[in-house]
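Enquirer: Chain residues, written in single-letter form:
There are 2 protein chains.
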Amino acid sequence: MTPPTTVRADGARETGAACAPGTARTAARTLARCRDLVRPSLSAAIERLHPWPGEMAAFSLGWCEVGGGPADGSFEGKGLRQTLAVLSAEAAGAPGESAVAGAVAVELVHTFSLLHDDIMDEDGTRRQRDTVWKAYGTGPAVLAGDALFALAVQTLAETPGPHTAAAVGRLSKTLSGLVRGQAEDLLFVARPWTGPEAVRTDEYRAMAELKTGTLLGCSAALGGLLGGAPARTVAALDRAGRHLGVAFQAVDDLLGIWGDPAVTGKPVHGDLRQRKKTYPVLAALAGQGRHARELSALLNSPQSLDEAGTVRAAALVEACGGRTATLGEARHHLDAARACLLSVPLAPRAACEIEVLLEFLLHRTV
Amino acid sequence: MTPPTTVRADGARETGAACAPGTARTAARTLARCRDLVRPSLSAAIERLHPWPGEMAAFSLGWCEVGGGPADGSFEGKGLRQTLAVLSAEAAGAPGESAVAGAVAVELVHTFSLLHDDIMDEDGTRRQRDTVWKAYGTGPAVLAGDALFALAVQTLAETPGPHTAAAVGRLSKTLSGLVRGQAEDLLFVARPWTGPEAVRTDEYRAMAELKTGTLLGCSAALGGLLGGAPARTVAALDRAGRHLGVAFQAVDDLLGIWGDPAVTGKPVHGDLRQRKKTYPVLAALAGQGRHARELSALLNSPQSLDEAGTVRAAALVEACGGRTATLGEARHHLDAARACLLSVPLAPRAACEIEVLLEFLLHRTV
Numbered sequence: 033m034t035p036p037t038t039v040r041a042d043g044a045r046e047t048g049a050a051c052a053p054g055t056a057r058t059a060a061r062t063l064a065r066c067r068d069l070v071r072p073s074l075s076a077a078i079e080r081l082h083p084w085p086g087e088m089a090a091f092s093l094g095w096c097e098v099g100g101g102p103a104d105g106s107f108e109g110k111g112l113r114q115t116l117a118v119l120s121a122e123a124a125g126a127p128g129e130s131a132v133a134g135a136v137a138v139e140l141v142h143t144f145s146l147l148h149d150d151i152m153d154e155d156g157t158r159r160q161r162d163t164v165w166k167a168y169g170t171g172p173a174v175l176a177g178d179a180l181f182a183l184a185v186q187t188l189a190e191t192p193g194p195h196t197a198a199a200v201g202r203l204s205k206t207l208s209g210l211v212r213g214q215a216e217d218l219l220f221v222a223r224p225w226t227g228p229e230a231v232r233t234d235e236y237r238a239m240a241e242l243k244t245g246t247l248l249g250c251s252a253a254l255g256g257l258l259g260g261a262p263a264r265t266v267a268a269l270d271r272a273g274r275h276l277g278v279a280f281q282a283v284d285d286l287l288g289i290w291g292d293p294a295v296t297g298k299p300v301h302g303d304l305r306q307r308k309k310t311y312p313v314l315a316a317l318a319g320q321g322r323h324a325r326e327l328s329a330l331l332n333s334p335q336s337l338d339e340a341g342t343v344r345a346a347a348l349v350e351a352c353g354g355r356t357a358t359l360g361e362a363r364h365h366l367d368a369a370r371a372c373l374l375s376v377p378l379a380p381r382a383a384c385e386i387e388v389l390l391e392f393l394l395h396r397t398v
Numbered sequence: 033m034t035p036p037t038t039v040r041a042d043g044a045r046e047t048g049a050a051c052a053p054g055t056a057r058t059a060a061r062t063l064a065r066c067r068d069l070v071r072p073s074l075s076a077a078i079e080r081l082h083p084w085p086g087e088m089a090a091f092s093l094g095w096c097e098v099g100g101g102p103a104d105g106s107f108e109g110k111g112l113r114q115t116l117a118v119l120s121a122e123a124a125g126a127p128g129e130s131a132v133a134g135a136v137a138v139e140l141v142h143t144f145s146l147l148h149d150d151i152m153d154e155d156g157t158r159r160q161r162d163t164v165w166k167a168y169g170t171g172p173a174v175l176a177g178d179a180l181f182a183l184a185v186q187t188l189a190e191t192p193g194p195h196t197a198a199a200v201g202r203l204s205k206t207l208s209g210l211v212r213g214q215a216e217d218l219l220f221v222a223r224p225w226t227g228p229e230a231v232r233t234d235e236y237r238a239m240a241e242l243k244t245g246t247l248l249g250c251s252a253a254l255g256g257l258l259g260g261a262p263a264r265t266v267a268a269l270d271r272a273g274r275h276l277g278v279a280f281q282a283v284d285d286l287l288g289i290w291g292d293p294a295v296t297g298k299p300v301h302g303d304l305r306q307r308k309k310t311y312p313v314l315a316a317l318a319g320q321g322r323h324a325r326e327l328s329a330l331l332n333s334p335q336s337l338d339e340a341g342t343v344r345a346a347a348l349v350e351a352c353g354g355r356t357a358t359l360g361e362a363r364h365h366l367d368a369a370r371a372c373l374l375s376v377p378l379a380p381r382a383a384c385e386i387e388v389l390l391e392f393l394l395h396r397t398v
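Heads up: the sequence lines are chains S and W, in that order.
In my numbering, each residue's number is its place in the first sequence (first place is 1) plus 32.
In my numbering, each residue's number is its place in the second sequence (first place is 1) plus 32.
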């Protein structure tokens, strides 16, 4: 059933014409539908890899265990990027199939970036099991990432159609943006918590837009582009995806401190324990009060934070308004994403599926 | 002065119509001319990188020291790939300038592959100084490689002109081939020296064609393509480059055992000391005689090879015909490269510059 939507003279939908309120189950159904549509082509792409990086790629996608045996499916990602590509093509009035090559490319790039970022960040666990470098070694993980990177470009470049060159151009810009975001993120580690050299929240937002927003923007833009949308619509989809990326990162940061370990699979207050520079902490430290001073003293202490220390740090971040500010950041960028989508004519059903997805992402617990 | 060349009815040059014999100095002049032509665009591309991976990229290219201070130029590579791209455009009758975007892309890809391969191979020294991962750390080196990879695709994709899409398609295939070759090479390490699982010379050749030949073939093909050469010429240039790659690897393997340490900057018999599976050793072990058995016993011994052991191993490789076989392999593939070039009509002066370069590569000492 297509939700009712009015369209203005310039083709844009009225802000007031809301979609039927979605549930987590609706969003999950959309994600599953799009993953199912993309899966055969994504599998076929992975099959083209040399068997060794191919196994590592499949492991990283949650499709198999070390050694190649099938996994039970519980390690697979949500498939947000491929879903966004498919829905964007549908929002442009094209069948979701037209976006599949783009969906495969962005999913491969996402897998590449997780793989290499885990090496750079020395993260040994992802989705409750070993990361690729931990399971297979650093050198092989570098190789697997490179193979995925090359495959992403090749898959898209080999897709016949009038939009291929533009799509490859956009993907290549995205790759550079991703790497730039990762460079910024790595450099944040060495910067102080306070003082003139401290990471500001606007710098953090710019990093998040590059590291997370660029690829989500590209996913939406590629879907629109391959679906034959006009340039103005492609640009709006791109901007919506970028805002979504910033919001997504903010929610991730909230989960990294206050997420339920039973659901996220990460330790409680994990990001604080690891002293990650995330939005809630940076926003909290931007305050000048007594709580902010106590928080910075805790974070600057040479000893590692014990249980009591992390509980206290989380309470201080909250007392300084870091949690509220981050929720506001997420909400603001989701609203901005929604405004971008409302600024251009989109097929109502797909546009609503995207909006339900946005809402789900704000309230997700994992 | 253009050397005299006769052209057959089908446009191909006569085999007998030889170029004037080149000297190492002629080849060096050609390399320097092409590097000078490409350098401004290569510099401009590197300038686009985030400053941190940008410095690592410039370090890897031999342009700067750690920290960004200028290097004295002695760490720069020959620039074989960019030269081949420029000469191939000229051989297609176009100005060398038309190949510059392709030359930049292949040089960036080459730099990326050295950077990541050094991590995977755990090589700490290249061109007589620290490799990037040794100087900057593994994580940052992964990042710098990724940045170069992305930049290569972006630079080429952004080049205006009718051949861009085809050029990007070819580059993306090349990237996948490179990674596949590196996967094979890494897997060779764990395989035995003898018996049914031993690496055969034809497997080694296939690996060398992927790991070294694919990018040299792509360099020549991109030059031809961007220079407007017909498909048949582009294909011949590609094949010539692939053969050149196999020959280049064979010469590299000879230098890895018998190269002069004062010139190569690598320890004498270095590849034997590290028990690298290279063509001379694999060819030697393919024999069944007493010397081959002694050699395999040495290579299979659990202790590391001492000075006397490596000297003896080198003598045994030679006695088993490994050195002669590798020289034959290099010569054969250079002849095959030459035959590819002779099979299509090419502008004589550039074709001769390529031939002089081939000869120089066979006799190079570093």
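Hints may be right or wrong, so weigh each one.
If several chains are the same, the list does not tell them apart, and a pair holds so long as it fits within one copy or across any two.
[What the hints assert, rightly or not] Straight-line Cα separation of at most 20 Å, EDC-like style, residue types lysine to aspartate or glutamate; simulated pairs:
1) 205 x 79
2) 205 x 338
3) 308 x 367
4) 298 x 338
5) 309 x 97
6) 110 x 162
7) 309 x 339
8) 166 x 154
9) 308 x 154
10) 205 x 190
11) 166 x 153
12) 205 x 241
13) 298 x 235
14) 309 x 108
15) 309 x 338
16) 205 x 284
Read the hints as simulated data drawn from the structure, not as lab findings.
Enquirer: If you check each hint against the structure, which ones fail?
Expert: 2, 3, 5, 13, 14, 16
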